[in-house]
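Visitor: Chains as they are written, first to last, in the working numbering: chain A, 1 to 447; chain B, 1001 to 1325.
To be clear, the hints were calculated from the coordinates, so they are not data collected in a lab. From a predicted model like this one, the values you see are computed outputs, not experimental measurements. Just so you know, not all the hints are guaranteed correct.
Here are the simulated lysine-lysine pairs, DSBU-like style, with alpha carbons at most 30 Å apart [to be verified]: (1) Lys1254/B x Lys1227/B; (2) Lys65/A x Lys331/A; (3) Lys407/A x Lys1254/B; (4) Lys65/A x Lys330/A; (5) Lys1306/B x Lys1227/B; (6) Lys274/A x Lys1050/B; (7) Lys1050/B x Lys239/A; (8) Lys1320/B x Lys1254/B; (9) Lys1047/B x Lys239/A; (10) Lys83/A x Lys331/A.
The primary structure of each chain is shown beneath.
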Amino acid sequence: MVTSRYAIAWVYDYLLNNHALTRGVRLFTITPGKSIMTTTTSSLVHSPTFLKGDEFSIDTFALLKQDGSLFEGAVAPDLDRDKALRIYHAMVFTRVLDERMLAAQRQGRLSFYMQCTGEEAAVIGSAAALDDQDMIMAQYREQGALAYRGFSCDEFMNQMFGNARDYGKGRQMPIHYGSAELHYMTISSPLATQIPQATGYAYGQKLAGDGHCTITYFGEGAASEGDFHAALNMATVHKVPVIFFCRNNGYAISTPAVEQFAADGVAPRAFGYKMRVIRVDGNDVLAVYQATMEARRLAVEHNQPVLIEAMTYRLAAHSSSDDPSGYRSKKEEEAWREKDPILRLRRWLESCQWWNDEEEKALQERLRREVLETMKVAQKRPAPPLESLVTDVYDTPTPQLNEQLAKLQAHIRLYPEAYPKSAAQCSTEPSAQMANSSGTENGQGGH
Amino acid sequence: MANLNLLQAINQALDIAMAADERVLCFGEDVGGFGGVFRATSHLQEKYGKARCFNTPLVEQGIIGFANGLAAQGSTPVAEIQFADYIFPAFDQIVNESAKFRYRSGDLFNVGGLTIRAPYGGGIAGGLYHSQSPEAYFAHTPGLKVVVPRNPHQAKGLLLAAIRDPNPVLFFEPKRLYRASTGEVPESDYQLPLGEAEVIKEGSDITLLAWGAQMEVIEQAAELAEKEGISCEVIDLRSILPWDVETVATSVLKTGRLLISHEAPLTGGFAGEIAATIQERCFLYLESPISRVTGLDTPFPLTLEKEYLPDRLKVFEAIKASVAY
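Chain A with its partners taken away, still in its complex shape:
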């Protein structure tokens, strides 16, 4: 395609320019003398030898055993009690939230849910290794990172119920969180689109020179999308402070990793981009934390993008609409349940004398109560106002949008019983400029 486009561009020059011949000749002679043609420094060999790729193998970095003790020779990262407990609280909160919300979905209170169960160490351990001002561009199963940053239970609930206090104004399905204040980019459903965006965002951070980086999360399935390749290639070419964090949880909905790629996971792809890479036990929060700390240092201090592949397992279904019993065995799930990342950290905390059974019991009870109570309140809050249908499409609604809103309001006045969420708002004639107000209760500023 390159050759074709250059040739065509040359033809255009020829056709478009009055001095076509001289321009055309220049186009062909300017390139070789001026630029570096290739990045390859290769020796000549005289028999055809193919490489298999097995010449490289990537080890898995692990510090913590399932019993909560360190591997021999392993050194725990520099993690004080407060930070360790902040990580642990976020992990337990995420587990409790996931359990309660899936139950709420099963009771018909919520339309949809996605659990992070089994992957809490990968998500929260990495988020904890960042500066809280670093940008997070997640896929959708990373609510733990947002919980770690301090998104409140109420904020989670408002999004899931799409009520008038949802920052996203009730426009997206449950779990599509976002927070400008907490530097957590609003989730979008299409897979992998966030990965090249993270490269761009981090390039902007590098130019701004404020010492921040971006982390982007994705699954091993999303890594098959073209956007993944585009993002990693651009990141090394342009030396961008971005961390690509792959949660290799074994499944893309029902498709197992062995049907996703033939290679040894996602990590070896980094060689093709000349990117720093590490594979880490994703259920080992200490290893994830330390690997991400080091990745952040490479990113921020040396503008070296990094790929981290966290080996973990999606203990839950893909979503509330999925049933894993159709594609994997209970035995397999059970084996991974034994590797529970939360239990592993809890045992380590206990060995440090930083945590005990009573504290565990109190935390579990407090979080369960908090989740249930905030859910009840959020569920009853009103829907976003009708005009939020047309705001934020553009910075201000176009005349066409205002016209369409006015027409809709008139229609709802005709059939109020068919539109119970909005009928009360439409009981009087609309004011001409109503669509100019953002019309929501949320207090968070734009970004």
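Got chain A sorted already, so can you dock chain B onto it with the hints?
Guide: Showing chain B alone in chain A's frame:
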């Protein structure tokens, strides 16, 4: 005022935008040291450095994904897609991401700083894949703005407005006119309004509406028609999305006839949308059916390009048919 061609006007707009605001970045395939395959970004890397004007790898979805991220971060990216025909790998990033960024986040985040430039259109022996006019695909996507300039003066003012508009803008440049269209262009930093059509010439018998390179064609057709005593009102739509219904409807209420012309194929072309809206607004004032003079419903051809294109003679004939209806 200097006499510039359309490429020089675009280059000047980019230069002004980059000088005025260090957050403005220009990038794309061959955009850096080479200055773009059409030279639209000539000398920008020399002036503003490799960090702000650079080559990207050959990956359109990456270019626009990268640009979306930059815009969300607060930069003002001006991304070039080398030919509008090659914009489709980036369709997901444009349609699902750029267009919905503000809406889906409730305005917590936006990519309003984004401008995507792409040469479009035929008339220069480009065949299927260097000739397309894809504006209608994007016009079906709320959240985007789509702009097409007709000459150097318009190109500079509209591009500066697009770069500074707080919404993502697709800016399609008529590549047939890159060097063919010349005119006086003020050296100053000026902007022309987005979302507003312009009445180029007043008339009373029929309204002729087009955009971009097709403006020259309908103006020539209007000249032919004038010789036959038909008075044409000529309008440049300039913005395809959002489009200026009022200016077009006001004109049609006066003339009672409307002809719309675009290079893109007939079926699903933007003329269909305009026709539907205008018949709603002007039904009782219409003297004849709204006429569409467009490309055929075929891929863009090569050898028979002249036959395919909606030229001045086809427009002239359609004007006469409309008036005689």
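Visitor: Check each numbered hint against the structure and report the violated ones by number, ascending.
Guide: 10
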